[in-house]
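Asker: Below are the chains, spelled out letter by letter.
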Amino acid sequence: MIPELGHFALALAVAIGFAQAVIPLWGAARGDARMMQAAPALALGQFIAMAVSFLSLVWSSVTSDFSVLTVAENTHSLEPLVYKITGSWGNHEGSILFWCLILSLCGAAVAQFGKALPASLRARVIGVLGLSGVGFALFALLASDPFLRLWPPPPNGRDMNPLLQDPGLAMHPPMLYVGYVGFAVPFAFAVAALLEGRIDAAWGRWVRPWTLAAWCFLTGGIALGSWWSYYELGWGGFWFWDPVENASLLPWLTGTALLHSAIVVEKREALKVWTVLLAIGTFSLSLSGTFLVRSGILNSVHSFANDPARGVFILALLGLVIGGSLLLFGLRAPVLSATGIFAPLSREGAIVLNNVLLCSIAAVVLTGTTYPLFADLLLGEKLSVGPPFFNATVFPLAAPLCVAMAVGPMLAWKRADLAAALAKLWWAALVAAAVGVVAAFGARPLPAIGFAAAAWLIFGALADLVARIRLFRVPLGASLQRLGALPRGSLGTTIAHAGLGVTIAGIAGMSLAQQAIVLLHPGQVAHVGGYDWRLESVGDVAGPNYAAREARIEVSRDGRVVATLAPQRRSFPVQQMTTTEARINTNLIRDLYAVLGEERDGGAVLRLHVNWLAPWIWLGALIMAAGGLVSLADRRLRVGAPARRARPAGAPA
Amino acid sequence: MNRRLLLLVPFGGVLVAGAGFLAMLERAQEGKFDPREVPSMLIGKPVPRFTLPGDPGFASTDLVGRPVLVNWFASWCVPCAEEATVLMDLKRAGVPIWGIAYKDKPADTAKFLARYGSPYARLGRDEPGRVAIDWGVTGVPETYLIDAQGVVRWRFVGPMTPDTVSAELQPILRKYA
Numbered sequence: 001m002i003p004e005l006g007h008f009a010l011a012l013a014v015a016i017g018f019a020q021a022v023i024p025l026w027g028a029a030r031g032d033a034r035m036m037q038a039a040p041a042l043a044l045g046q047f048i049a050m051a052v053s054f055l056s057l058v059w060s061s062v063t064s065d066f067s068v069l070t071v072a073e074n075t076h077s078l079e080p081l082v083y084k085i086t087g088s089w090g091n092h093e094g095s096i097l098f099w100c101l102i103l104s105l106c107g108a109a110v111a112q113f114g115k116a117l118p119a120s121l122r123a124r125v126i127g128v129l130g131l132s133g134v135g136f137a138l139f140a141l142l143a144s145d146p147f148l149r150l151w152p153p154p155p156n157g158r159d160m161n162p163l164l165q166d167p168g169l170a171m172h173p174p175m176l177y178v179g180y181v182g183f184a185v186p187f188a189f190a191v192a193a194l195l196e197g198r199i200d201a202a203w204g205r206w207v208r209p210w211t212l213a214a215w216c217f218l219t220g221g222i223a224l225g226s227w228w229s230y231y232e233l234g235w236g237g238f239w240f241w242d243p244v245e246n247a248s249l250l251p252w253l254t255g256t257a258l259l260h261s262a263i264v265v266e267k268r269e270a271l272k273v274w275t276v277l278l279a280i281g282t283f284s285l286s287l288s289g290t291f292l293v294r295s296g297i298l299n300s301v302h303s304f305a306n307d308p309a310r311g312v313f314i315l316a317l318l319g320l321v322i323g324g325s326l327l328l329f330g331l332r333a334p335v336l337s338a339t340g341i342f343a344p345l346s347r348e349g350a351i352v353l354n355n356v357l358l359c360s361i362a363a364v365v366l367t368g369t370t371y372p373l374f375a376d377l378l379l380g381e382k383l384s385v386g387p388p389f390f391n392a393t394v395f396p397l398a399a400p401l402c403v404a405m406a407v408g409p410m411l412a413w414k415r416a417d418l419a420a421a422l423a424k425l426w427w428a429a430l431v432a433a434a435v436g437v438v439a440a441f442g443a444r445p446l447p448a449i450g451f452a453a454a455a456w457l458i459f460g461a462l463a464d465l466v467a468r469i470r471l472f473r474v475p476l477g478a479s480l481q482r483l484g485a486l487p488r489g490s491l492g493t494t495i496a497h498a499g500l501g502v503t504i505a506g507i508a509g510m511s512l513a514q515q516a517i518v519l520l521h522p523g524q525v526a527h528v529g530g531y532d533w534r535l536e537s538v539g540d541v542a543g544p545n546y547a548a549r550e551a552r553i554e555v556s557r558d559g560r561v562v563a564t565l566a567p568q569r570r571s572f573p574v575q576q577m578t579t580t581e582a583r584i585n586t587n588l589i590r591d592l593y594a595v596l597g598e599e600r601d602g603g604a605v606l607r608l609h610v611n612w613l614a615p616w617i618w619l620g621a622l623i624m625a626a627g628g629l630v631s632l633a634d635r636r637l638r639v640g641a642p643a644r645r646a647r648p649a650g651a652p653a
Numbered sequence: 001m002n003r004r005l006l007l008l009v010p011f012g013g014v015l016v017a018g019a020g021f022l023a024m025l026e027r028a029q030e031g032k033f034d035p036r037e038v039p040s041m042l043i044g045k046p047v048p049r050f051t052l053p054g055d056p057g058f059a060s061t062d063l064v065g066r067p068v069l070v071n072w073f074a075s076w077c078v079p080c081a082e083e084a085t086v087l088m089d090l091k092r093a094g095v096p097i098w099g100i101a102y103k104d105k106p107a108d109t110a111k112f113l114a115r116y117g118s119p120y121a122r123l124g125r126d127e128p129g130r131v132a133i134d135w136g137v138t139g140v141p142e143t144y145l146i147d148a149q150g151v152v153r154w155r156f157v158g159p160m161t162p163d164t165v166s167a168e169l170q171p172i173l174r175k176y177a
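Top line first, the protein sequences correspond to chains S and A.
1 is the number of the first residue of the first sequence in the working numbering; add one for each residue after it.
1 is the number of the first residue of the second sequence in the working numbering; add one for each residue after it.
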């Protein structure tokens, strides 16, 4: 009964979405105020229907209703509750439904928070969101129905992929999807602007918070995914240039570019056409990433049930959304005229440089990801593009980006004085150079450059802050007052830029990791990375839906015990799969990382790593996302938000 | 360039990419496009040197003289059981098939062959899986065609079906017979 309710709600959402697409867009074209006013209610209605549909699926999953095909295929009655819930979106059908839910949520959010928008713009934005929502909901309904029944129901489910049974991964897809789908809002704004034929500063101010919010989620989602692959896959790495990872990195890169160019639209009414293209491009890349993963034409460790027939449906859908919006762009963009004029050396100029570099990195990653596919198609050649290509092409582009990143925020709008900006940065440059020289003695050149870049970014961001609050120039109290009065937007910039520095330091540190694969018998000791790793014992452990072998390893340094690690190798009988559970001890400076491999002749094969600064990689991403959130709290972006206005001044938030 | 044309470039690029992806999907449905497939480095090269125990077992030097189909299999592999009927048909058609049991205990192999029938003229055992590494075997079942000079001419990953036999194996067998 509940699954049928969900199915019906999904069909209802398609119907409402259709109305949401047609009525407001038509109304905006005719200038009919009443038709435009219908938009918010329809968006809200679609969201409610979608939420009912999604909750029905979660309900079926939680109650282990194995007469529902996706539930039977992806969950198991013995599974912990949290994985029964996450199991509902950890598969193809469920994740598409979740995708639709978030898309309808975006429409509802624009309806709710966009009350101050010009009526025609709001109607068009909601209409465009409705149009893309209908496409995906139809895909869920016609080609990947999550409520398909199975009769007779099997006595038990087939369980979820054990690799996905992990708290980190419970959070990763939702965050990533919210990030991906969140870019639908800037996309809808871009298409609406093309339809209106007008972009002004207000448009830039409206697009930015949505972009920022989506960007924060995407940053968090990518970081979580990378963290998951670090501790769960047990390969000791954090980024593999896997096609699916690249698919998430691409919209992040162009989304970051969009974030910056939208500021120029807002402040200077320049770069309008380019910003519109970035908004369309970012959402297109989010969509294409999903398509490439689902259609099975990319070779990847990320597995979903792949089906070329489904791929054709998604491809047609993408063709309509992406092709349609780009055609509209080609026809309508000439109408948008630029007004702001700026010198090459200015804040605008720095942001253009940022955009050029970020988009170049995106182009390189896109080429590396799709080249093998096209080489196979056109030349019949089998080849793979791996980390060496990406490292060799991305680093040279990232280096000037880092150099410019610290300088950019110090430049004035319109025309800037480079010498004055550099004068504020001299001590950051000194620290970076010192860090680089010290690191060059201990490490290879590339990590040393990485450390120097990290120091440059972190201290460059600090230098910007110090200059803004006139620290040491005015009394401390006055400085703190200035800090409090600083626009949240520029504070967010400082935090996010420093966050990237922390991530780069982590990556550079990680490249110095020491590792060894050893065969130890209980009682034996291995020396890796300056630590003594003593295998105490190997024993059996039972879990709710798995059985495991667990090694106990005592790690000591200079005779002092530092940590006890208990890595496991779990076998899941239902899925007939084995996973390795790495165990990690961290003190933020280094990770002690142990993986239990095969057992042989009474001994155990262990993989032991000392990963320097590894946690900084994700810590940095967290700081970047936090910077985005601080920037979101900027007063300028809240202007016109009724929820805030209603609250009395000074009340606790 | 004309600004209007320039602004249509993204649309054109997406059209081309979309057409490419459509072609990939169509070929994938026909089974002609598989990005997962890894080509064997052995094609056109002589078989790596090996000697395998078994009854009677065989060595790389024994493969010279006539084309032989070498089939890697294991009793623990479900697709191998699916493939057994196809191999038996090939045997009846007079194709010499030699088998290599991969990471399999002799007793289990014997039970497997008793149950599904043995298509193999000769049987080698690679219990430690060392020879499989030299061959670059990615999994079982996997089938290789070795020509009369002992050169690898064809490889197939996964269970062969009657379609594979008629579409791929027969033409190449005729070529090297």
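Worth double-checking, as some hints may not be accurate.
Said to hold, decoys possible - As a list, the in silico SDA-like pairs of lysine to any residue whose alpha-carbon atoms are at most 20 Å apart: (1) K115/S - Q37/S; (2) K103/A - E381/S; (3) K267/S - N354/S; (4) K103/A - R470/S; (5) K382/S - R122/A; (6) K115/S - G158/A; (7) K103/A - D601/S; (8) K382/S - K175/A; (9) K45/A - E381/S; (10) K111/A - G136/A; (11) K103/A - K382/S; (12) K267/S - S490/S; (13) K382/S - I97/A; (14) K103/A - T578/S; (15) K382/S - G54/A; (16) K414/S - E26/A; (17) K115/S - L12/S; (18) K105/A - R600/S; (19) K111/A - I97/A; (20) K267/S - A23/A; (21) K103/A - S490/S; (22) K382/S - T85/A; (23) K382/S - K105/A; (24) K105/A - D601/S; (25) K424/S - K382/S; (26) K105/A - G94/A; (27) K382/S - G44/A; (28) K424/S - C359/S; (29) K115/S - A213/S; (30) K267/S - E30/A; (31) K382/S - G158/A; (32) K382/S - T161/A; (33) K382/S - L42/A; (34) K105/A - E599/S.
Stated by the list, open to error - Label pairs and their calculated CB-CB ranges: (35) L446/S - T61/A: 55 to 61 Å; (36) L422/S - G12/A: 38 to 44 Å; (37) G12/A - L150/S: 44 to 50 Å.
Worth flagging that the hints you see were computed from the coordinates, not collected in a lab.
Everything numeric in this text was worked out from a predicted model, so none of it was measured.
Idealized CB from N, CA, C, for every residue including glycine.
Asker: So, against the hints stated earlier in the document, which numbers end up violated here?
Answerer: 2, 4, 5, 6, 8, 10, 11, 13, 15, 16, 17, 20, 21, 22, 23, 25, 26, 28, 30, 32, 35
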